[in-house]
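Q: We have chain X already, so just place chain B on it with the hints.
Now for the letters of each chain:
2 protein chains.
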Amino acid sequence: MAVARRIDQLLSGGSLIRRMFNQGQQLKERYGADNVFDLSIGNPDLSPPPEFYRAAEKILGESIPGKHAYMNNAGLVEVREKIAQRVRREQDVDISAGGIIMTVGAGSALSLAFHCLVNPGDRVLVPAPAFVAYRNYLSVHGGVLEIVPGLPDFSIDLNALEEMIDETTAAVIINSPNNPSGTIYPEKSLADLGQLLERLSRLHGRRIYLISDEPYREIIYRKEPVPPVFQAYPHSIICYSYSKSLSIPGERIGWAAVHPLAEDRDKIVAGMTGATLNMGYTNAPALMQRIVGEIDGCAVDVERYRRRRDLLADGLREIGYEFELPQGAFYMFPKVPRGYGGDDDMAFCERLVEEKILTVPGSGFAMPGYFRISYCVDERIIQGSLPGFRRAFETT
Amino acid sequence: MAVARRIDQLLSGGSLIRRMFNQGQQLKERYGADNVFDLSIGNPDLSPPPEFYRAAEKILGESIPGKHAYMNNAGLVEVREKIAQRVRREQDVDISAGGIIMTVGAGSALSLAFHCLVNPGDRVLVPAPAFVAYRNYLSVHGGVLEIVPGLPDFSIDLNALEEMIDETTAAVIINSPNNPSGTIYPEKSLADLGQLLERLSRLHGRRIYLISDEPYREIIYRKEPVPPVFQAYPHSIICYSYSKSLSIPGERIGWAAVHPLAEDRDKIVAGMTGATLNMGYTNAPALMQRIVGEIDGCAVDVERYRRRRDLLADGLREIGYEFELPQGAFYMFPKVPRGYGGDDDMAFCERLVEEKILTVPGSGFAMPGYFRISYCVDERIIQGSLPGFRRAFETT
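Chains X and B, in that order, give the protein sequences.
Residue numbers for the first sequence follow this note's numbering, beginning at 1 and rising by one.
Residue numbers for the second sequence follow this note's numbering, beginning at 1 and rising by one.
In case anyone wonders, no lab produced these hints; they're calculated from the structure.
Heads up, the beta-carbon is just placed ideally off N, CA and C, and yes, glycines get one too.
Treat the hints with caution; some may be incorrect.
Said to hold, decoys possible - As a list, the in silico DSS-like pairs of lysine-lysine whose alpha-carbon atoms are at most 30 Å apart: (1) B/K58 x X/K82; (2) B/K28 x B/K58; (3) B/K58 x X/K58.
Unchecked claim - If you only want the chain B side, here are some residues facing chain X, beta carbon under 8 Å, derived: (4) A4; (5) Y53; (6) I64; (7) L117; (8) N119; (9) T282.
The following block holds chain X by itself, in its conformation from the complex:
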């Protein structure tokens, strides 16, 4: 034995998304990148908005004491104050800089929250369809992810959730706008969820926290903003990333906001702050903190994603695919056509690979019978994929 046991498990597993990614690399090598329609990953192709570059230049040019130095592990206080202002406005709660922790993307915000809330053996629940890498983050802290089966309209099945919650449940995760479905949970759903968690926390004698993963908050195709989860349940932590709003997923910058009235709020904030050291990253990257502090609220041009969504939706609808029109994010999650036994998403995605189209089977999001199309790519790729989608639909 040389490496740790967990690594053998890690290497023998491998996600469906990664498997598609590797298959895609092979296809691209054989046929050329331009002849492969890669709709598999959520790596946005839009450039960051011009404000991003202006802010970067300004900060790099300015004389700021300790510009790239260590800071409080929770992040720069002036940046956290700017974010607290935004959260106050969006969530209508009295939160200050002291409730904000700057993080290395939403992934590390989730990881810090798990570190604080989850004892070894504890369960964390997430409604399907879901981004299952939560499982990886949790595994480090000894927690176990369990999936609440999904409903066909992608709403949260509160009855199923209630049945699954017990005294080992540390938290529930929601992700709205949702990856992979594009669903935005309505205010009423959040309120019902909040009431359920309050009732079950009392019943089981343990506070069940709500963790809201919101990297797609600004990528929405309607006027009304994403409803405020802090209004639905005070024992909540919001995990945010600028990866999608600013199109900078490689830069790893985000934050966590802890509701001011959350049970054990002070311990959670101090614990998440201290955990930045335990996790090995100390603090979020300083320059990116300063940039998002300057331009928080800025976002890429969402209309471009809307045009792509509509192009894809019109094309697939005409062919006969069934799907919910995404309200946010840049994914569509159609049903597998009936010719494939109704739910063999693995077989259908293999069939699409024959058409040089890369997507991800719904099984990768704990919801077989569906498949995810990522449309954060050039319109030509979407347009070019439609004949292949038609052939796969018509000839199994």
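A: Just chain B, lined up with the frame of chain X:
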């Protein structure tokens, strides 16, 4: 119960460095920052070299596809190739980009290595004096840090190490140039250590890895470079950070290099790459990767640190303090004066606080009887602290 048990432990503990930091904040509020001599933390005051800003501007201005996008979790291949070239030259081994993983500072490099090498309950050994935050990184993966007692000349006590190693030992960490002593372990020590680890790995039927934490590699006060650990023992991982060489600790950028002949090398590289996801940070910040790829090898003006070292050394020597002259890093680790019972470093550092001088007791580095002075501060602060050091030396 609401938060995880580990958080209560985390919050009840608190490091000596943090305690000094908090005490320092209080002093500064009371007397004004200019009237406090803060020699407690390793937060370098030098600005990054001009090359850093030139590279940043160049990259921000260039049109690069996917400039801020997701990438292979191990980092940008062109940057890893640049770093592999450097490691090839410095360590004289045939390493390629495939052996380099870009990380969120050296802390995350260490954390990824622990994730890969340490099973719950395994022990990792480090010779004192040592940066004990390794304990925090390890705790996340269920590992236990144990300290090999230090020798007065700060060399590694190989006999003590041999006695402590058993079949539960996953790895040994060394840190050279050393925080807090400024020692550089000589080539012969590394060779002896390598032979010992090889012999004990065979004896215990388990590969014992060597993890070399090298953030101070460029901060040295002699011509000969830090000896190559890869020559001493093939089962080694180097963890590096640009925090000190470029004076950018807030930016969180570093790398890990896995020796090409390390046992289970392929699993370690794949495991550390996959673990970036598990740990929640996905990849090292993209812009900083590109910058260090441009200017790897650049460093701040080490002569400035040498002048500070000499100013401090001359001053303390004249008063009568006993210490080893640091060969690298920007810390000095003198003996507590005899008037304090010879080893009451806590009492002596409290006495220095009365002089408004902030240092860290050696107990914070698992080596009581000493105290750490950080000299990465302006010369005026060093000069200004000397009368206080004299009074504390002369009047207990």
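Q: Indicate, hint by hint, whether the structure satisfies it.
A: Now the hints, each set against the structure:
1. For the hint pairing B/K58 with X/K82, the CA-to-CA distance comes to about 29 Å; that is within 30 Å, so the pair holds.
2. Between B/K28 and B/K58 the CA atoms are separated by roughly 40 Å; this puts the pair beyond 30 Å, and the hint is violated.
3. Straight-line distance between C-alpha atoms of B/K58 and X/K58 comes to about 14 Å, which keeps the hinted pair within the 30 Å bound.
4. At a threshold of 8 Å, the smallest CB-CB gap from B/A4 to chain X is about 5 Å, leaving the interface hint in force.
5. Taking 8 Å as the C-beta contact cut-off toward chain X, the hint placing B/Y53 at the interface holds, the least distance being around 6 Å.
6. Look at B/I64: its Cβ only gets to about 10 Å from chain X, farther than 8 Å, so that hint breaks.
7. Restraint check, B/L117 versus chain X: the minimum CB separation of about 6 Å is within 8 Å; hint holds.
8. Using the Cβ-Cβ criterion of 8 Å, the hint placing B/N119 at the interface with chain X is satisfied: the shortest such distance is roughly 5 Å.
9. Given hint, B/T282 at the interface with chain X, holds; its Cβ is 6 Å from that chain's nearest Cβ, closer than 8 Å.
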